[in-house]
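**Student:** Each chain, written out:
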Amino acid sequence: MSKAGANVLQLFIKPALMGLLVAAVVLAVLSYLNSDPQPRMTPSSSVASYADAVTKASPAVVNIYTQSLRQGPYDPRPRNSVRLGSGVIMDDRGFILTANHVVSEVDEIRVALQDGRLLAAQMVGSDRLTDLAVLRIEADNLPVIPQNTDLQPRVGDVVLAIGNPYNLGQTVTQGIVSATGRIGLAERSQGLGSGYSDFIQMDAAINEGNSGGALVNSAGDLVGINNASYQSQLTDQGTSGIYFAVPYQLAYRIMQQIISEGRVVRGYIGITAEQHYNSIQEARGLLVSAIDPEGPAAEAGIAIGDFIYAIGGEPIQSVNQGLDLVAETRPGELLEVQFYRDVRPMVAQVQIERLQHQ
Amino acid sequence: MKKLVLLFLAASALVLTPAHAQIPFSTNSKEVPTLAPMLEQVTPAVVNISVEGTRVTQQRLPDAFQFFFGPNAPQNGTREQPFRGLGSGVIIDAEAGYVVTNNHVIDEATDITVTLKDGRQFAAQVLGRDEQSDIALLKIDDPDNLTAIAIGDSDDMRVGDFVVAIGNPFGLGQTVTSGIVSALGRGGFGSDRLENFIQTDAAINSGNSGGALVDLRGNLIGINTAILGRAGNIGIGFAIPSSMMNDLVAQIIEHGEVRRGILGVRGGNLTQELADALNISRTRGAWVSEVVEDGAAAKAGIEAGDVIVSLDGRPLHSFAELAAKVGSMGAGRSVTLGLLRDGDELEVTVELEEHSVEAVAASMHAALQGAQLSTLDNDQGVRISAVEDNTPAHQIGLREDDIIIAVNRQRVTSVGELRRLLDNAQGVIAMHVRRGSSTLYLVLPN
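Respectively, the protein sequence lines represent chains A and B. Read in this note's numbering, the first sequence has 214 at position 214, and its numbers run on one by one without any break. Add 1000 to the 1-based position in the second sequence for this note's numbering, that's all there is to it.
It is possible that part of the hints are untrue.
Claimed, not checked - Some but not every residue of chain B turned toward chain A, in silico, with C-beta under 10 Å: (1) D1130; (2) F1162; (3) G1229; (4) A1275; (5) L1278.
Hint data in this document are derived by calculation from the structure and do not stem from the laboratory. For clarity, every value in this text was computed on a predicted model and none was experimentally measured. Ideal Cβ positions, reconstructed from N, Cα and C, are used throughout, including at glycine.
Whole structure, please, built from the sequences with the hints as guidance.
**Tutor:** So this is what it looks like as structure tokens:
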């Protein structure tokens, strides 16, 4: 590196004409030095653009149309209802991730690819708590969304939402990650309110029809699955600059489980807890506020008022983190729970059960 | 080693100079990327437009009034309601004082005031307008020391490119918002409209209409025109591409109106189902279902069943895009169309024909149906180049070679001006016509 730098230096003090060459060389060196994975300028033009990321990702984002025959409360004749959404082709076997509310309780699902192909899709399985569903289509030469399993979205990252709002046709909107780990904004038993989905919050505009579509970063890698069903809960008009997506890592895990087992199996511990700062122990953790008397935690000796500071050896900072740890434990396995009862440190081995009524 | 550091600073200055006319990517250097230097150049070319006028609303009284009041009943009449409006505009020619805006911004306006970013105000006149594409061209009275915008090529834009919208939302004053190109070639919202919009997520609101959409170099690539969503911006806005605007403005400058080119085909989008049925391997393009007899397309050899896949070398996505492009190009232009016929690709050159002139006259006023109009070379009026027998135009007394010189005592200089005067006229219209060496008045029924 220093040798190359010295060469460059010699060139630089030579007459002005050489300066241009130097600039070119240095530009190359600088961009090489830059470890930041974000692309800056497209090689085809000097102006920055996300066109390359769009080109990579957008063919794998599909439009989803569903049909269902519904019986209205007053009219006994069934009515045909059509719903709209988006989906993301995850691999070349034809598995598609989408939002569960797009495809739940429908009779027919059709998928439109960006190359114009229109295909029937099969429902593989769904998970109500994260509002995700997996579909499958049978076709050759499928475009697959670029994925990076190590990707951790950070607040401030540029993201592009790709989907089919209002059936306008494929639309790309841009914004940044506004927050990560959003949970429990609404009292709901699924999706955002369930506590089982640590949503990405962003300001890239999504609308009805975007649900199930892709959120990608500026390299075109999948960051999340967009979910447009929460805007209306936040503002009357849905024009707030606050939108949500299920993070890719979570969505991928859910998809793998659905593909291999047809459904998502979650562990159940049987406590209700809230985040708490214990000033005596000077530690953050969870305060048990209610307990299922028949549940595994009660059986292992945990009681209301206990202050849990570690589960499975991991320090617990938030309800969400605890919920994840328990949910990901396979039923039947033992989970070590460390807690204080008043000032007395205690340990319980809890045999996790299967979460019912998902 | 110190020298080396110096070198890098100098070089990074070299590298950064173009870069911060560019973009908000993360940066490790001390300088934060900003659009401000570009915007300082561009924003003086974007103006606020305020309009005033009176909108005539028809008032129909219930028949019961007639019954109770007899002949003394209040008359069915028109009610004049004054209105004010706000919008934006873009200066495209500083010398001539040409300002592009949306037709819907200046529609029905009698007074148009253009306010520059530096606060100066000018009165402006409508040079010509086109309802179907929603473009209007204004001329500032006594232009002085204006800044024009540089016009870019909207055909080079790609989905994902950064764009900046400049306008006057809600009359707040000049406002700049940024976003990306969300989609291209959007249209088909209004059946009789010419739409080939650039879709963007840059926030556009009421009052932004007629304002500029620029790329990161500050070049105009669109005129902001419409949004989806009743409550306000939901991240779906639409702009008329600058290439389409260019074509329309050129016609308005030349003729005082848009002389639409006609291709002479009917059809629709090539869909998957259609492609399957016709055994075509593509799914994007404009499918021709019918070719108008003796039309431009027929003369060039286009046949029903052909799929038009490109126009002047640019791929076409939809029939709406074809209609919008052809419809804004102007009569007489030659275009090269790429066709798909029975699996073979071929190219034809078509000379776009003029919109049937009779339709032009009839669209101005029902009583002019049957007359063919042309602007006199020296702007001395509008010549009637032909009148068909037994048509409304013939019945009101128009004859071939008549020259319309005034409408309601206002001079007519061109076909465009005639349209404007007829549009603005209320009640009975008296048309001053020169026939040979004498002049006469013809009255157009209300």
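**Student:** None of the hints should be skipped; say for each whether it holds.
**Tutor:** So, going through the hints one by one against the coordinates:
1. The interface hint given for B/D1130 is violated, since its Cβ lies 24 Å from the closest Cβ of chain A, which is over the 10 Å cut-off.
2. Hint status for B/F1162: holds, given a least beta-carbon distance of 6 Å to chain A, under 10 Å.
3. With a cut of 10 Å, the hint placing B/G1229 at the interface with chain A holds, because the nearest CB-to-CB distance is about 7 Å.
4. The closest approach between the C-beta of B/A1275 and any C-beta of chain A is roughly 7 Å, which is under the 10 Å cut-off, so the hint is satisfied.
5. Interface hint status for B/L1278: violated, as the beta-carbon distance to the closest one in chain A is roughly 13 Å, over 10 Å.
In summary, the numbered hints that this structure violates are 1 and 5.
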